[in-house]
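Chemist: The primary structure of each chain is shown beneath.
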Amino acid sequence: EAQVTQNPRYLITVTGKKLTVTCSQNMNHEYMSWYRQDPGLGLRQIYYSMNVEVTDKGDVPEGYKVSRKEKRNFPLILESPSPNQTSLYFCASSFSREATQYFGPGTRLLVL
Amino acid sequence: GEDVEQSLFLSVREGDSSVINCTYTDSSSTYLYWYKQEPGAGLQLLTYIFSNMDMKQDQRLTVLLNKKDKHLSLRIADTQTGDSAIYFCAERVYNNNDMRFGAGTRLTVKP
Chain A
1 EAQVTQNPRY
11 LITVTGKKLT
21 VTCSQNMNHE
31 YMSWYRQDPG
41 LGLRQIYYSM
51 NVEVTDKGDV
61 PEGYKVSRKE
71 KRNFPLILES
81 PSPNQTSLYF
91 CASSFSREAT
101 QYFGPGTRLL
111 VL
Chain B
1001 GEDVEQSLFL
1011 SVREGDSSVI
1021 NCTYTDSSST
1031 YLYWYKQEPG
1041 AGLQLLTYIF
1051 SNMDMKQDQR
1061 LTVLLNKKDK
1071 HLSLRIADTQ
1081 TGDSAIYFCA
1091 ERVYNNNDMR
1101 FGAGTRLTVK
1111 P
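These protein sequences, in sequence, are chains A and B.
Each residue of the first sequence is one higher than the last, beginning at 1 in the working numbering.
Each residue of the second sequence is one higher than the last, beginning at 1001 in the working numbering.
A portion of the hints provided could be inaccurate.
Facing chain A, according to a computed beta carbon distance under 7 Å, are these residues of chain B, among others [said to hold, decoys possible]:
| hint | residue |
| --- | --- |
| 1 | Phe1009 |
| 2 | Pro1039 |
| 3 | Ala1041 |
| 4 | Gly1042 |
| 5 | Leu1107 |
| 6 | Pro1111 |
Because the hints were derived from the structure by calculation, they are not lab data.
It should be emphasised that the depicted structure is a prediction, and the values quoted were computed from it without experimental measurement.
Note that CB positions come from ideal geometry on N, CA and C, so glycine has one too.
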């Protein structure tokens, strides 16, 4: 089944404790991106990747890192999480930047 | 404006039509999308329309595009309780192909 998977789906952590949210797609998509969803703000792009080893900042990259060592995986790294990073995070992928994006199920993060 | 704008809430009775409205930002946006998000789930692409079209119909869904006013609407005919969800409008910005999302409209369908 073609899909985008994220892990974990739910996470509660404390300020400053490094965490990684994984994202994987099995559709051989070149383009992947991370969004955060906050009430009243819709989805805002954090980072995106056009291909392996090619990443770039989105609208709200501060406090986040990404890597794209393999085509199928695009982990989101929070080196030192803060409470304002409490949010719902979505990974998405598509064949290209112009193509329709497919979204993962979301990761709900609470930073205490 | 700078934001894709949608009203936050809509409530309809089962069997009625729902119309969700969206105002987008860039008159040269190439594609406009409607996504559906059910509780606890990710975003599911419902439909999209290319900017050179005025209307697109897909079963119970009708998308209308008014480029002059930068207005997009999604009509759901014969709305069912299973249509209760958050609906996001999104545009693909022409100059950099970024996706820009609205805040989402929560549709509640009452029996």
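Chemist: The structure should be examined with respect to each hint, and the outcome stated for every one.
Modeler: Here is how each hint holds up against the structure:
no. : hint    : result
1   : Phe1009 : violated (12 Å)
2   : Pro1039 : violated (11 Å)
3   : Ala1041 : holds (6 Å)
4   : Gly1042 : holds (4 Å)
5   : Leu1107 : violated (15 Å)
6   : Pro1111 : violated (27 Å)
Of the numbered hints given earlier, the model fails hints 1, 2, 5 and 6; all others are met.
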